[in-house]
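Trainee: Heads up, the sequence shown is in my numbering, so the first residue is 1 and it goes up one at a time.
Treat the hints loosely; a few may be bogus.
[Unchecked claim] Straight-line Cα separation of at most 30 Å, DSS-like style, residue types lysine-lysine; simulated pairs: (1) Lys197 to Lys160; (2) Lys160 to Lys140; (3) Lys140 to Lys222; (4) Lys30 to Lys222; (5) Lys30 to Lys58; (6) Lys160 to Lys30; (7) Lys222 to Lys197; (8) Lys197 to Lys58; (9) Lys45 to Lys197; (10) Lys160 to Lys45; (11) Lys160 to Lys58; (12) Lys197 to Lys140; (13) Lys140 to Lys58; (14) Lys197 to Lys30.
Calculated directly from the structure, the hints in this document are not laboratory data.
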Amino acid sequence: MQDSRWRLNSTGDAANLNVTIIRAREMLQKAATLSVTLTGAGPNKIATVRVTNQTGHKLPTGYPEGRRIWLNLRAYDEDNNLIYESGVYNPSTGVLTEDAAIKIYEAKQGMSSDLATLLQMPENANQPTFHFVLNNLVLKDNRIPPRGFTASALNQRGLKPVGATYTAGQYWDETAYTVPAGTARVAATLYYQTASKEYIDFLRTRGGVDGAALGTLWDTSKSPPEIMAAVSEPPLPYYLPIIRRSN
1 MQDSRWRLNS TGDAANLNVT IIRAREMLQK AATLSVTLTG AGPNKIATVR VTNQTGHKLP
61 TGYPEGRRIW LNLRAYDEDN NLIYESGVYN PSTGVLTEDA AIKIYEAKQG MSSDLATLLQ
121 MPENANQPTF HFVLNNLVLK DNRIPPRGFT ASALNQRGLK PVGATYTAGQ YWDETAYTVP
181 AGTARVAATL YYQTASKEYI DFLRTRGGVD GAALGTLWDT SKSPPEIMAA VSEPPLPYYL
241 PIIRRSN
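Using the sequences and the hints given, assemble the complete structure.
Mentor: This is how it looks when you write it as structure tokens:
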């Protein structure tokens with residue numbers, strides 16, 4: 001909105017937009033809490049990360065296309081060398097490496113075989129697509145429910161988790177990582193991203209003039225992910241500054 005290259009820009013309202021950005025970040029950093037434990041010994045060390053939804057809606061909420069949240073977990077040895085990482089994001093390319101252990105909270109939609117055939121788009125049958133208006137299936141929805149989510153709500157069409165299991169009243173999710181034997185400390189970070197590379201590339205190639213323009217704008221900064229929460233186990237030490245009072 002503050003880039004003059006976008007035809008719907010509001011460059012003249014930069015002050016208010018900047019205030020909105022600050023408030024949005026403040027809300028984002030209150031949306032979830034994070035905890036991590038490190039248990040076991042030898043080759044069986046397990047890092048367990050819990051994400052707790054502190055909002056009144058699914059986490060994340062909003063449109064299901066490019067919006068996503070993911071966990072980054074790092075393991076360090078006694079000399080503070082990085083020896084394991086899951087959920088690696090490359091800010092230069094905008095690519096999130098989907099390793100075997102990665103946890104991404106998101107909704108993915110697609111088309112049934114019958115609909116894909118009817119639309120003469122057989123390549124999209126039962127596959128995730130960004131054709132929001134055409135999609136008629138939820139292929140994945142592991143977003144974390146809010147407090148008070150009932151058993152009946154869990155079974156409603158459009159609300160039911162897909163590819164994840166949540167019990168009634170559960171507003172958190174836990175992920176267990178097997179980390180190397182030499183792990184002395186683990187650090188977990190919860191990231192949020194508004195627009196993924198895959199979503200922007202879809203709009204870039206199928207969204208006409210505006211889609212191409214949006215792709216060009218995205219290339220400038222690549223929708224950098226925002227940190228929602230971060231935690232370490234054992235906790236990193238914090239030292240208060242020494243204040244000297246002059247006489």
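Trainee: Against this structure, judge whether each hint is valid.
Mentor: Now for the hints, and whether the structure bears them out:
Taking the CA atoms of lysine 197 and lysine 160, the gap is near 27 Å; set against the 30 Å cutoff, the hint holds. Taking the CA atoms of lysine 160 and lysine 140, the gap is near 10 Å; set against the 30 Å cutoff, the hint holds. Between lysine 140 and lysine 222 the alpha-carbon distance is near 24 Å, which keeps this suggested pair within the 30 Å criterion. Distance check on the hinted pair: lysine 30 and lysine 222 sit about 24 Å apart at the alpha-carbon level, within 30 Å; holds.
As the CA atoms of lysine 30 and lysine 58 are separated by approximately 14 Å, the hinted pair is consistent with the 30 Å bound. Only pairs whose Cα atoms come within 30 Å are accepted, and lysine 160 paired with lysine 30 is accepted, the gap being roughly 25 Å. Simply put, lysine 222 and lysine 197 have alpha-carbon atoms about 7 Å apart, close enough for the 30 Å limit, and the pair holds. For the proposed pair lysine 197 and lysine 58, the alpha carbon gap of about 23 Å is at most 30 Å, so the pair holds.
Between lysine 45 and lysine 197 the CA atoms are separated by roughly 34 Å; this puts the pair beyond 30 Å, and the hint is violated. Between lysine 160 and lysine 45 the alpha-carbon distance is near 33 Å, which puts this suggested pair outside the 30 Å criterion. Using a Cα cut-off of 30 Å, the hinted pair lysine 160 and lysine 58 holds, with the two alpha carbons roughly 11 Å apart. Proposed proximity of lysine 197 and lysine 140 is supported: the alpha carbons are some 19 Å apart, at most 30 Å.
For the hint pairing lysine 140 with lysine 58, the CA-to-CA distance comes to about 14 Å; that is within 30 Å, so the pair holds. For the proposed pair lysine 197 and lysine 30, the alpha carbon gap of about 26 Å is at most 30 Å, so the pair holds.
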